[in-house]
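Undergrad: Okay, here's what each chain looks like letter by letter:
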Amino acid sequence: MSIVDDLVENLVERNAIKLNGALTISLIDGGLAVKGRLYSTLRDQKKGKDLLNVDIPVDAQVRVGDVVIPVPQIK
Amino acid sequence: MSDVKAFIDTVGKDVTSVAGPRIDTAAAGISDKVLNTYGPRVSAFANELVKDIISEQSVTVRDFVTSLIQELCQRYRPEIVGDVRAHIAQGGLDLTGQGVRLDLKRQDTGAVVASLDIPIAIRINVGDLGVTLKDTTIALDVVR
Chain A
855 MSIVDDLVEN LVERNAIKLN GALTISLIDG GLAVKGRLYS TLRDQKKGKD
905 LLNVDIPVDA QVRVGDVVIP VPQIK
Chain B
87 MSDVKAFIDT VGKDVTSVAG PRIDTAAAGI SDKVLNTYGP RVSAFANELV
137 KDIISEQSVT VRDFVTSLIQ ELCQRYRPEI VGDVRAHIAQ GGLDLTGQGV
187 RLDLKRQDTG AVVASLDIPI AIRINVGDLG VTLKDTTIAL DVVR
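Residue numbers (my numbering), protein chains in the order written: chain A, 855 to 929; chain B, 87 to 230.
Incorrect hints may appear among the rest.
Each computed DSSO-like pair below joins lysine-lysine, with the alpha-carbon atoms no more than 30 angstroms apart [unchecked claim]:
| id | chain 1 | residue 1 | chain 2 | residue 2 |
| --- | --- | --- | --- | --- |
| 1 | B | Lys191 | A | Lys929 |
| 2 | A | Lys929 | A | Lys901 |
| 3 | A | Lys889 | B | Lys220 |
| 4 | A | Lys872 | A | Lys903 |
| 5 | B | Lys220 | A | Lys903 |
| 6 | A | Lys872 | B | Lys220 |
| 7 | B | Lys137 | B | Lys119 |
| 8 | B | Lys137 | A | Lys901 |
| 9 | B | Lys220 | A | Lys900 |
| 10 | A | Lys872 | A | Lys901 |
| 11 | A | Lys872 | A | Lys900 |
If you're looking for bench data, these hints aren't it; they were derived computationally from the structure.
Construct the entire structure; sequences and hints are all you get.
TA: Structure below.
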């Protein structure tokens, strides 16, 4: 195993990401809109210490095309 | 001629004055008799007649309707054609029919006998959806 592998392994296994925040999903013409804010904290679980705080504003739109539904047949 | 006319008028007045009240009395008596005696009997007879007709003819009507429905079902076949288009709009979902119609076809030939257009325009309001994350922990694990 290389040094990089060890490093990545230690980093990954020691750290965890905590997410807080709120998102609002609403319907807009032709799709969905997602708005809100996420707060992410990278925490060293071994030391019990927060390493990094990230503020993530979210303002995204998802385009959804029309869905065509055939009417059910009478059998 | 005037004497004859006066004669007839006089006789008529006299007859009217004598016979009129008697006719009125007789008419009132007949009316009371019909109302009190024959009326209820006619009503009872009519009720019995209707009951008899219903009880005797209901089976006939039922059989007729049943056979008619069976024949219609064997003769015709309903078919719904068309599409429903769902479009996401501001604050809701719009459902619109495209060429939606009910075709009544002959079972044997498949020919369309009658067609009924079915307009569809439905609006479903959808409120905002809130998602809250509270201390959601993402833990990573190395694949060994």
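Undergrad: Any hints this thing doesn't respect? Which numbers, in order?
TA: 2, 8
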